[in-house]
Amino acid sequence: AAPRQVGKGGGCGGLFDVLLTTYTLWEREGANYGIDRAFLSKWPWSHVVMDEAHALKNSSSTRSRKLRKVAQMAATRIMLTGTPLQNDLLELHALLAFLLPTIFTAGEGADALAEQVAEAAKPGAPGAAGVAACEAQGRLVDRMKQLLQPFILRRLKSEVADQLVAKKQHIVQLDMVPEQRQLYESTIASMRDEVSK
Numbered sequence: 001a002a003p004r005q006v007g008k009g010g011g012c013g014g015l016f017d018v019l020l021t022t023y024t025l026w027e028r029e030g031a032n033y034g035i036d037r038a039f040l041s042k043w044p045w046s047h048v049v050m051d052e053a054h055a056l057k058n059s060s061s062t063r064s065r066k067l068r069k070v071a072q073m074a075a076t077r078i079m080l081t082g083t084p085l086q087n088d089l090l091e092l093h094a095l096l097a098f099l100l101p102t103i104f105t106a107g108e109g110a111d112a113l114a115e116q117v118a119e120a121a122k123p124g125a126p127g128a129a130g131v132a133a134c135e136a137q138g139r140l141v142d143r144m145k146q147l148l149q150p151f152i153l154r155r156l157k158s159e160v161a162d163q164l165v166a167k168k169q170h171i172v173q174l175d176m177v178p179e180q181r182q183l184y185e186s187t188i189a190s191m192r193d194e195v196s197k
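Numbering of the sequence shown is given in the UniProt record's numbering, commencing with residue 1 and proceeding in unit increments.
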């Protein structure tokens, strides 16, 4: 993620151009986590990029609710995932609502489609068996494909394999400082004692 104004004298003093964090920050409780979340939720982000975005498929999860506060401050939201369709269309709708809440949140522009998605995804929904249900599901899938086309860029590995840079591995061995070495050795000794009991 990057703040809207960067560089010397930019927004909030131009502290940084890019900030990387993990989803864990949005799940754990504690004073420090809360302080960090409060800061990040108020920052005027130019972009918020969510990698492994399928981790936000549950719109009622703590992670998703807390991250929405950050995303609402962003001029642009980008979600990256290899699996946009996980278990059902409700999860897809949750991702789309996170990405474009004014379009995909119930009660906004696409509420009728959201209701169709929710109804079709419910186990034991009325008419859930038979040819009519299969046809309705097929129409819904076709409509979803049409609706999603502007939002999803799909590339197969076979299409881009020749464009990928060869993987390089560079291992750097670092020596522990004395305090780390002492802690490391005492932890190993403690674990060995536990196992040998």
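Derived from the structure by calculation, the hints contain no laboratory data. Certain hints may be false.
Each computed DMTMM-like pair below joins lysine to aspartate or glutamate, with the alpha-carbon atoms no more than 25 Å apart [what the hints assert, rightly or not]: (1) Lys167 / Glu27; (2) Lys145 / Glu185; (3) Lys168 / Glu52; (4) Lys168 / Asp142; (5) Lys197 / Asp175; (6) Lys167 / Glu185; (7) Lys145 / Glu29; (8) Lys69 / Asp36; (9) Lys168 / Glu185; (10) Lys157 / Glu135; (11) Lys145 / Glu91; (12) Lys145 / Glu52; (13) Lys66 / Glu52; (14) Lys167 / Glu179; (15) Lys66 / Glu29; (16) Lys69 / Glu27; (17) Lys157 / Asp175; (18) Lys168 / Glu194; (19) Lys197 / Glu159; (20) Lys66 / Asp17; (21) Lys145 / Glu135; (22) Lys157 / Glu52; (23) Lys42 / Asp17; (24) Lys157 / Glu185.
Exercise. Out of the numbered hints, which ones does the structure contradict?
Worked result: Checked against the structure, the hints that fail are numbers 1, 2, 4, 5, 6, 7, 9, 10, 14, 17, 18, 19 and 24, while the rest are satisfied.
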